[in-house]
Amino acid sequence: GQNIDQPTEMTATEGAIVQINCTYQTSGFNGLFWYQQHAGEAPTFLSYNVLDGLEEKGRFSSFLSRSKGYSYLLLKELQMKDSASYLCAASQNRDDKIIFGKGTRLHILP
Amino acid sequence: EAQVTQNPRYLITVTGKKLTVTCSQNMNHEYMSWYRQDPGLGLRQIYYSMNVEVTDKGDVPEGYKVSRKEKRNFPLILESPSPNQTSLYFCASSSGGGPSSRYNEQFFGPGTRLTVL
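Protein sequences, first through last, are from chains U and Y. Those letters in the first sequence? Residues 3 to 112, per our numbering, in order. Those letters in the second sequence? Residues 9 to 125, per our numbering, in order.
Think of the hints as simulated: they come from the structure by calculation, not from any bench. Note that the Cβ used here is the ideal one computed from N, Cα and C, for glycine as well. Heads up, a few of these hints could be off.
As the list claims (entries may be wrong) - Sample of chain U residues at the chain Y side, in silico, Cβ under 8 Å:
{"no.": "1", "residue": "G33"}
{"no.": "2", "residue": "G60"}
{"no.": "3", "residue": "F62"}
{"no.": "4", "residue": "F65"}
{"no.": "5", "residue": "S93"}
{"no.": "6", "residue": "D97"}
{"no.": "7", "residue": "D98"}
{"no.": "8", "residue": "K99"}
{"no.": "9", "residue": "I100"}
{"no.": "10", "residue": "F102"}
{"no.": "11", "residue": "G105"}
As the list claims (entries may be wrong) - In silico DMTMM-like cross-links for lysine to aspartate or glutamate, where the CA-CA straight-line distance does not exceed 20 Å:
{"no.": "12", "chain 1": "Y", "residue 1": "K26", "chain 2": "Y", "residue 2": "E38"}
{"no.": "13", "chain 1": "Y", "residue 1": "K77", "chain 2": "Y", "residue 2": "E87"}
{"no.": "14", "chain 1": "Y", "residue 1": "K25", "chain 2": "Y", "residue 2": "E78"}
{"no.": "15", "chain 1": "Y", "residue 1": "K79", "chain 2": "U", "residue 2": "D97"}
{"no.": "16", "chain 1": "U", "residue 1": "K104", "chain 2": "U", "residue 2": "E16"}
{"no.": "17", "chain 1": "U", "residue 1": "K104", "chain 2": "Y", "residue 2": "D46"}
{"no.": "18", "chain 1": "U", "residue 1": "K78", "chain 2": "U", "residue 2": "D97"}
{"no.": "19", "chain 1": "U", "residue 1": "K83", "chain 2": "U", "residue 2": "E11"}
{"no.": "20", "chain 1": "Y", "residue 1": "K25", "chain 2": "Y", "residue 2": "E9"}
{"no.": "21", "chain 1": "Y", "residue 1": "K26", "chain 2": "Y", "residue 2": "E70"}
{"no.": "22", "chain 1": "U", "residue 1": "K78", "chain 2": "U", "residue 2": "E16"}
{"no.": "23", "chain 1": "U", "residue 1": "K104", "chain 2": "Y", "residue 2": "E38"}
{"no.": "24", "chain 1": "Y", "residue 1": "K73", "chain 2": "U", "residue 2": "D97"}
{"no.": "25", "chain 1": "U", "residue 1": "K59", "chain 2": "Y", "residue 2": "E113"}
{"no.": "26", "chain 1": "Y", "residue 1": "K65", "chain 2": "Y", "residue 2": "D46"}
{"no.": "27", "chain 1": "Y", "residue 1": "K77", "chain 2": "Y", "residue 2": "E38"}
{"no.": "28", "chain 1": "Y", "residue 1": "K25", "chain 2": "Y", "residue 2": "E38"}
{"no.": "29", "chain 1": "U", "residue 1": "K104", "chain 2": "U", "residue 2": "E11"}
{"no.": "30", "chain 1": "Y", "residue 1": "K77", "chain 2": "U", "residue 2": "D97"}
{"no.": "31", "chain 1": "Y", "residue 1": "K79", "chain 2": "Y", "residue 2": "E9"}
{"no.": "32", "chain 1": "Y", "residue 1": "K65", "chain 2": "U", "residue 2": "D97"}
Stated by the list, open to error - Quick look at which bits of chain Y chain U covers, simulated, 3 or more residues with Cβ under 8 Å:
{"no.": "33", "segment": "40-52"}
{"no.": "34", "segment": "88-94"}
{"no.": "35", "segment": "114-125"}
Kindly produce the complete structure, drawing on both the sequences and the hints.
Pasting the structure below:
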């Protein structure tokens with residue numbers, strides 16, 4: 003079957019680093035998305051990894067291992083505004099069907 | 009301004025009364041998609057469209073219809089809404105290159121909160 007798993011909630015401290023993991027099992031895997039969603043708002047795109055390895059964008063980095071069905075989102079120098087849900091999603095097949103995980107709610111403590 | 013727009017943003021209706029939620033994007037994107045988001049279930053794809061006149065079922069298509077007659081618009085139709093379709097709905101569109109491209113970025117609309125009584 004197809005499945006995407008990520009932790010339900012995480013807590014971290016302002017200024018610290020946090021890693022949010024995502025494991026997936028999907029057929030016809032193309033790539034892996036990460037989105038940020040603040041409460042009551044639409045998701046906003048953070049990254050899309052197609053190839054294995056780490057991609058860095060400012061304070062956020064995303065890693066993919068296709069052989070292990072594993073990805074993580076790394077957030078550095080955490081700020082209070084990073085308190086949000088982080089959604090992992092996989093693109094499947096040539097027609098780009100998207101499967102989302104249930105999201106990880108990240109709480110940032112001062 | 010590049011954006012995805014949805015209307016209405018909020019809607020309360022009754023069981024069985026047909027409704028349409030519109031979605032429009034001004035970025036000339038080929039790919040468009042509808043999702044619903046429910047507490048504890050996350051985002052689930054309802055329908056998606058790779059291009060004009062091409063639509064496919066996502067994970068939860070029952071009770072919904074879509075059409076893609078022109079590139080910019082992708083309306084979601086509920087022919088006979090039921091209370092279990094009460095949800096937050098998002099439309100999204102994707103930029104360049106398709107699913108194998110590292111530039112496959114989805115832009116989401118602001119959401120439509122639907123309540124079916």
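Evaluated hints:
Annotation: interface hint on G33 (chain U) holds; nearest CB of chain Y at approximately 6 Å, less than 8 Å. The closest approach between the C-beta of G60 (chain U) and any C-beta of chain Y is roughly 16 Å, which is over the 8 Å cut-off, so the hint fails. Proximity of F62 (chain U) to chain Y is violated relative to the hint, the smallest CB-CB distance being about 14 Å (cut-off 8 Å). With a least beta-carbon distance of about 14 Å to chain Y, the hint placing F65 (chain U) at the interface is violated under the 8 Å criterion.
At its closest, the beta carbon of S93 (chain U) sits 4 Å from a beta carbon of chain Y; the interface hint therefore holds under the 8 Å criterion. For D97 (chain U), the shortest C-beta to C-beta distance to chain Y is roughly 5 Å, which falls under 8 Å, so the interface hint holds. Hint status for D98 (chain U): holds, given a least beta-carbon distance of 4 Å to chain Y, under 8 Å. The interface hint given for K99 (chain U) is met, as the beta carbon of that residue sits about 6 Å from the closest beta carbon of chain Y, less than 8 Å.
Restraint check, I100 (chain U) versus chain Y: the minimum CB separation of about 5 Å is within 8 Å; hint holds. Contact between F102 (chain U) and chain Y, as hinted, is supported at the beta carbon level, the nearest pair being about 4 Å apart and thus within 8 Å. Interface restraint check for G105 (chain U): the shortest CB-CB distance to chain Y comes to about 5 Å, inside 8 Å, so the restraint holds. Simply put, K26 (chain Y) and E38 (chain Y) have alpha-carbon atoms about 27 Å apart, too far for the 20 Å limit, and the pair is violated.
A threshold of 20 Å between alpha carbons decides the hint, and for K77 (chain Y) with E87 (chain Y) the separation of about 18 Å falls inside it, so the pair holds. Among the hinted pairs, K25 (chain Y) with E78 (chain Y) is inconsistent with the structure: their alpha-carbon atoms are about 26 Å apart, more than 20 Å. For a cut-off of 20 Å, the pair hint linking K79 (chain Y) to D97 (chain U) stands: about 16 Å separates their Cα positions. Only pairs whose Cα atoms come within 20 Å are accepted, and K104 (chain U) paired with E16 (chain U) is rejected, the gap being roughly 24 Å.
A hinted pair counts as satisfied when its Cα atoms are at most 20 Å apart, and K104 (chain U) with D46 (chain Y) qualifies at roughly 10 Å. Straight-line distance between C-alpha atoms of K78 (chain U) and D97 (chain U) comes to about 34 Å, which puts the hinted pair past the 20 Å bound. Taking the CA atoms of K83 (chain U) and E11 (chain U), the gap is about 16 Å. The hint holds against a cut of 20 Å. Restraint check for K25 (chain Y) and E9 (chain Y): not satisfied, since their Cα atoms lie roughly 34 Å apart, outside the 20 Å limit.
Between K26 (chain Y) and E70 (chain Y) the alpha-carbon distance is near 15 Å, which keeps this suggested pair within the 20 Å criterion. Annotation: proposed proximity of K78 (chain U) to E16 (chain U) holds, straight-line Cα distance about 10 Å (limit 20 Å). Annotation: proposed proximity of K104 (chain U) to E38 (chain Y) is violated, straight-line Cα distance about 26 Å (limit 20 Å). Among the hinted pairs, K73 (chain Y) with D97 (chain U) is consistent with the structure: their alpha-carbon atoms are about 18 Å apart, no more than 20 Å.
For a cut-off of 20 Å, the pair hint linking K59 (chain U) to E113 (chain Y) stands: about 14 Å separates their Cα positions. Pair hint K65 (chain Y) plus D46 (chain Y) holds up; C-alpha atoms about 19 Å apart against a cutoff of 20 Å. As the CA atoms of K77 (chain Y) and E38 (chain Y) are separated by approximately 12 Å, the hinted pair is consistent with the 20 Å bound. About 31 Å separates the Cα atoms of K25 (chain Y) and E38 (chain Y), which puts this hinted pair outside 20 Å; it is violated.
The hinted pair formed by K104 (chain U) and E11 (chain U) meets the criterion: a straight-line CA distance of about 11 Å does not exceed 20 Å. The hinted pair formed by K77 (chain Y) and D97 (chain U) meets the criterion: a straight-line CA distance of about 18 Å does not exceed 20 Å. A C-alpha spacing of about 18 Å is found between K79 (chain Y) and E9 (chain Y), which places the hinted pair at or below 20 Å, so the restraint holds. Straight-line distance between C-alpha atoms of K65 (chain Y) and D97 (chain U) comes to about 11 Å, which keeps the hinted pair within the 20 Å bound.
Closer than 8 Å: that is the beta-carbon criterion, and the segment 40-52 of chain Y has 7 residues meeting it against chain U, so the requirement of 3 holds. A stretch counts as covered by a chain when three or more of its residues have a beta carbon under 8 Å from one of that chain; for the segment 88-94 of chain Y and chain U the count is 0, and the coverage is violated. Residue count for the segment 114-125 of chain Y with a Cβ under 8 Å from a Cβ of chain U: 6. That meets the three needed, and the coverage hint holds.
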